[in-house]
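*Asks:* Next come the chains, spelled out residue by residue.
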Amino acid sequence: MTAAPLLSVRDLTVSFNTRFTAVREASFDVHPGELVGVVGESGSGKSVSALAVMGLLPPTAKVTGSIHFEGRDLLTLSRRELRKLRGRDIGIIFQEPMTSLNPVFTIGDQITEAVRVHDPMSRKAAWDRATELLEKVGVPAPRRRLQDYPHQLSGGLRQRVMIAIALSSSPKLLIADEPTTALDVTIQAQLLDLLNQLRQDFGTAILLITHNMGVMAEVADRVVVMYASRIVEEATIFDLFDRPQHPYTSGLLGSTPELDGEAHRLRTIAGAMPNPAELPPGCLFAPRCPRAIPACLDMQPPLLPISPAQSAACILAPGLVAEGAR
Amino acid sequence: MTDLVNEPSRLSLALDSARHWVKRLSANRSFLLGAILFGGICLFTLAAPLITSVDPNALSVRNRFKPPSELYLFGTDNLGRDMLSRVLNGARLSLGIGFAVVILNAVFGVFLGAIAGYYRRLDDLLMRIADALMAFPAVLLAIGIAAALGPSAATAIIALAVVYIPRTARVVRASILVARELDYVQAARAAGARDGRILWHHIMPNCMAPLIVQLSFVFAYAVLSEAVLSFLGLSAPPTVPSWGVLIAEGRTYLREAAWLTVIPGLAIAITVLGLNLLGDGLRDVLDPRMKVEQ
Numbered sequence: 000m001t002a003a004p005l006l007s008v009r010d011l012t013v014s015f016n017t018r019f020t021a022v023r024e025a026s027f028d029v030h031p032g033e034l035v036g037v038v039g040e041s042g043s044g045k046s047v048s049a050l051a052v053m054g055l056l057p058p059t060a061k062v063t064g065s066i067h068f069e070g071r072d073l074l075t076l077s078r079r080e081l082r083k084l085r086g087r088d089i090g091i092i093f094q095e096p097m098t099s100l101n102p103v104f105t106i107g108d109q110i111t112e113a114v115r116v117h118d119p120m121s122r123k124a125a126w127d128r129a130t131e132l133l134e135k136v137g138v139p140a141p142r143r144r145l146q147d148y149p150h151q152l153s154g155g156l157r158q159r160v161m162i163a164i165a166l167s168s169s170p171k172l173l174i175a176d177e178p179t180t181a182l183d184v185t186i187q188a189q190l191l192d193l194l195n196q197l198r199q200d201f202g203t204a205i206l207l208i209t210h211n212m213g214v215m216a217e218v219a220d221r222v223v224v225m226y227a228s229r230i231v232e233e234a235t236i237f238d239l240f241d242r243p244q245h246p247y248t249s250g251l252l253g254s255t256p257e258l259d260g261e262a263h264r265l266r267t268i269a270g271a272m273p274n275p276a277e278l279p280p281g282c283l284f285a286p287r288c289p290r291a292i293p294a295c296l297d298m299q300p301p302l303l304p305i306s307p308a309q310s311a312a313c314i315l316a317p318g319l320v321a322e323g324a325r
Numbered sequence: 000m001t002d003l004v005n006e007p008s009r010l011s012l013a014l015d016s017a018r019h020w021v022k023r024l025s026a027n028r029s030f031l032l033g034a035i036l037f038g039g040i041c042l043f044t045l046a047a048p049l050i051t052s053v054d055p056n057a058l059s060v061r062n063r064f065k066p067p068s069e070l071y072l073f074g075t076d077n078l079g080r081d082m083l084s085r086v087l088n089g090a091r092l093s094l095g096i097g098f099a100v101v102i103l104n105a106v107f108g109v110f111l112g113a114i115a116g117y118y119r120r121l122d123d124l125l126m127r128i129a130d131a132l133m134a135f136p137a138v139l140l141a142i143g144i145a146a147a148l149g150p151s152a153a154t155a156i157i158a159l160a161v162v163y164i165p166r167t168a169r170v171v172r173a174s175i176l177v178a179r180e181l182d183y184v185q186a187a188r189a190a191g192a193r194d195g196r197i198l199w200h201h202i203m204p205n206c207m208a209p210l211i212v213q214l215s216f217v218f219a220y221a222v223l224s225e226a227v228l229s230f231l232g233l234s235a236p237p238t239v240p241s242w243g244v245l246i247a248e249g250r251t252y253l254r255e256a257a258w259l260t261v262i263p264g265l266a267i268a269i270t271v272l273g274l275n276l277l278g279d280g281l282r283d284v285l286d287p288r289m290k291v292e293q
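Protein sequences, first through last, are from chains A and B.
Everything in the first sequence is counted per numbering that gives the first Met the number 0, starting at 0 for the first residue and increasing by one.
Everything in the second sequence is counted per numbering that gives the first Met the number 0, starting at 0 for the first residue and increasing by one.
Just so you know, not all the hints are guaranteed correct.
Unchecked claim - Stretch-level coverage of chain A by chain B, calculated; a stretch enters the list once three of its residues show a Cβ under 8 Å from a Cβ in chain B:
| # | segment |
| --- | --- |
| 1 | 62–76 |
| 2 | 86–96 |
| 3 | 225–239 |
Said to hold, decoys possible - Facing chain B, from chain A, some residues (calculated, C-beta under 10 Å):
| # | residue |
| --- | --- |
| 4 | L81 |
| 5 | F104 |
| 6 | T105 |
| 7 | Q109 |
| 8 | S167 |
| 9 | S168 |
| 10 | S169 |
| 11 | I174 |
| 12 | V184 |
| 13 | R264 |
| 14 | R266 |
| 15 | I268 |
| 16 | G270 |
| 17 | P273 |
Claimed, not checked - Sample of chain B residues lacking proximity to chain A, with all beta carbon distances greater than 10 Å (derived):
| # | residue |
| --- | --- |
| 18 | I128 |
| 19 | A173 |
| 20 | L181 |
| 21 | T260 |
These aren't lab readings, by the way, just hints derived from the structure by calculation.
Heads up, the beta-carbon is just placed ideally off N, CA and C, and yes, glycines get one too.
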């Protein structure tokens with residue numbers, strides 16, 4: 000953790016149409032070879048943050064703050080420079096393997112296309128490289144698969160193809176936007192193993208976006224928890240599971256089924272996420288928070304460190320209590 | 000090895016898909032009838048030199064106003080010119096102008112539609128200009144442009160292209176707007192593909208079906224509007240007998256020699272009907288969702 004971060008996001012704020020803000024003042028780092036998870040409910044700003052890093056937000060989005068990748072601020076790069084970076088240094092795997100492949104081209108066409116975009120080579124060499132990539136992501140009989148069309152493959156295989164495409168130029172950072180949601184559980188486990196394997200083999204840093212705490216526990220080094228456009232807690236995976244500091248994190252953990260221990264009704268977090276167009280005053284989570292006190296309604300607590308490896312945005316978190324009570 | 004495995008399968012795949020389309024298209028009655036009508040007209044037009052070698056402008060005053068007979072299949076006009084030769088030669092001009100308009104539509108329609116639909120920069124400006132052009136009745140606008148530029152075949156082509164390109168550009172833009180939001184287009188962008196490649200490789204295949212259908216209708220309208228322009232003397236000069244010119248010349252003798260107007264009129268009607276049926280059939284086959292409930 001001493002090395003300079005590969006990706007450093009500072010005060011990222013993304014808004015649409017001035018009234019709707021999808022991400023507020025998000026700051027987090029991803030170090031080389033690290034797997035950082037981003038969890039949160041649908042609409043908490045996870046995917047928008049990922050798209051902002053890729054520079055794939057629609058032009059109507061207003062983005063402020065900074066996104067430094069290897070020291071360069073992505074927000075100041077030209078379209079052209081950004082395009083060169085995409086795919087080569089930063090790869091992304093989308094949520095829907097079913098629709099992320101072009102139905103009218105074969106798998107081989109699509110992988111070789113990705114290969115040749117950043118690394119001009121002959122068709123034949125690209126074809127060989129594609130075979131190699133498919134092998135690496137664990138697709139059986141890769142040479143035959145290259146001639147298949149996407150509809151001939153299962154969801155798990157298609158997601159592997161997507162990963163192969165994302166890996167085609169050995170990116171330093173791989174963004175995986177809920178890569179396992181559309182897949183069944185055994186395939187999920189295989190894919191998570193695969194991501195872990197790739198990280199060990201190539202030192203690829205991975206930003207994994209999910210709403211599945213179980214997936215997080217499996218693979219993440221560090222976790223960023225987002226709620227209603229804000230980061231509410233950031234911690235190593237062990238600290239997060241052992242000592243969640245933000246009541247929202249506790250709530251998320253409480254609503255995850257466990258295999259060992261007694262079966263009990265899953266606890267839920269009362270209420271729903273606030274409408275992003277009319278946010279409550281003070282702490283955004285206060286209306287749903289079981290521990291809320293009147294002071295919570297006065298201000299949005301900033302994300303402050305509790306220990307070197309953990310920060311939370313709650314006035315009740317230990318270490319912040321003193322400041323909050325002052 | 001790779002080549003051995005891949006190339007034949009690609010070829011056979013292409014053949015398979017060609018066979019598939021031929022089968023589906025020939026099962027469509029509207030397409031079949033349209034293809035026969037329009038194909039027949041095209042065939043006669045191309046084979047004109049084989050059918051008759053008579054100069055379409057050769058006068059023969061003794062044979063004025065001969066009704067259709069074995070000697071003069073389509074009869075003769077007020078100056079004794081052979082109508083068969085004139086109609087067949089006129090077809091070349093009429094269809095040629097129609098075809099040129101279609102080509103211009105394909106090129107500029109796709110180009111402008113892509114700029115507006117994909118880059119979105121000039122979207123508002125381009126589409127407002129298109130709106131303005133489309134607000135005029137098509138024929139009136141074509142007449143205006145042709146009159147301003149002076150009568151010639153090139154003028155007719157330019158005028159008709161200006162009239163129909165906005166419509167084509169709109170169709171292309173609409174399909175690009177849909178296609179550019181597809182997940183795999185986003186995925187291609189995330190992989191760092193160039194705009195040109197995304198447009199050509201991933202987006203355009205989605206626009207082909209509506210574009211082809213649109214172009215078949217543009218062809219029909221262009222032939223029809225060209226007839227109007229040449230009837231009014233705003234297209235090629237009378238020495239080159241396009242169908243509209245033939246009707247204009249024949250209308251004076253409508254009572255006495257109806258064949259002078261009826262035959263070129265039928266030629267126009269068959270061409271336009273054929274193209275419309277063809278376009279309808281294409282639309283039903285290429286885009287089943289558009290099919291009107293029966």
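*Asks:* Hints first: check each against the structure and report whether it holds.
*Replies:* Consistency of the hints with the structure:
1. 62–76: violated (count 0)
2. 86–96: This one holds; 6 residues, not fewer than the three required, reach chain B with a Cβ under 8 Å.
3. 225–239: This one is violated; 0 residues, fewer than the three required, reach chain B with a Cβ under 8 Å.
4. L81: holds (9 Å)
5. F104: The hint holds - F104 (chain A) has a Cβ within 10 Å of chain B, the shortest such distance being about 8 Å.
6. T105: T105 (chain A) check passes; min Cβ-Cβ to chain B is 9 Å, inside 10 Å.
7. Q109: Constraint on Q109 (chain A) satisfied, holds at 8 Å.
8. S167: holds (8 Å)
9. S168: Holds, because the Cβ-Cβ distance from S168 (chain A) to chain B comes to roughly 8 Å (cut-off 10 Å).
10. S169: violated (13 Å)
11. I174: holds (9 Å)
12. V184: V184 (chain A) check fails; min Cβ-Cβ to chain B is 23 Å, beyond 10 Å.
13. R264: violated (37 Å)
14. R266: R266 (chain A) check fails; min Cβ-Cβ to chain B is 35 Å, beyond 10 Å.
15. I268: violated (31 Å)
16. G270: G270 (chain A) check fails; min Cβ-Cβ to chain B is 32 Å, beyond 10 Å.
17. P273: violated (28 Å)
18. I128: For I128 (chain B), whose nearest Cβ neighbour in chain A is about 22 Å away, the distance exceeds 10 Å, so it holds.
19. A173: Given that every Cβ of chain A is farther than 10 Å from that of A173 (chain B), nearest at about 18 Å, it holds.
20. L181: violated (7 Å)
21. T260: Per Cβ check, T260 (chain B) is outside 10 Å of chain A; nearest 49 Å; holds.
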